[in-house]
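J.: Residue numbers (our numbering): 0 to 132.
These aren't lab readings, by the way, just hints derived from the structure by calculation. Since this is a predicted model, take the numbers as computed values, not measurements. By construction, the Cβ of each residue, glycine as well, lies at the ideal position given by its N, Cα and C atoms. Hints are all accurate, no fakes.
Taking CB as the label site, the calculated pair distances span: (1) Gly94 with Gln8: 26 to 32 Å; (2) Leu53 with Asp121: 40 to 46 Å; (3) Tyr9 with Ala120: 47 to 53 Å; (4) Gly2 with Ala125: 45 to 51 Å; (5) Gly94 with Asp121: 36 to 42 Å; (6) Ala4 with Thr81: 29 to 35 Å; (7) Tyr29 with Leu84: 28 to 34 Å.
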Amino acid sequence: MCGLAFSAQYLVELLALPIPSSVIGLICLYILLAFKWLPERFVAVGAMWLIGELLLFFIPPVIASIHYAPMFEEFGGSLMFTLVLGSISVLVITGFVIDRVFRFERRRNRARRNRATKMLADAALATSDTVGV
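Starting from the given sequences, assemble the full structure and let the hints guide the process.
T.: What follows is the structure in structure tokens.
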């Protein structure tokens with residue numbers, strides 16, 4: 000993963016792309032996973048760790064808001080509204096995306112099981128047809 004991040008950064012600097020290297024890295028990761036050039040299990044452990052530590056990504060904004068107390072005295076209401084609305088938006092969108100990914104995986108796994116069951120049933124039927132002859 001680090002190699003992918005460094006490669007994306009190098010590519011952005013080399014081609015002077017206006018797109019952040021993190022976006023290029025995510026696109027490359029998506030392509031690698033979509034074409035099965037990179038097994039999903041290589042990414043799964045890191046993804047589970049990130050989801051488990053998601054709360055840590057919200058701590059720096061809270062610390063920054065404590066650090067800038069004078070600004071809160073002047074613009075407190077509108078800043079709090081913006082912070083709360085932004086946090087709720089991130090949580091809702093993240094939950095929605097995770098829900099959709101889990102549903103997609105569940106459907107994909109169910110389709111695989113159905114295909115395997117159908118193949119086994121067809122094989123058993125073919126075997127019974129040849130045994131009866």
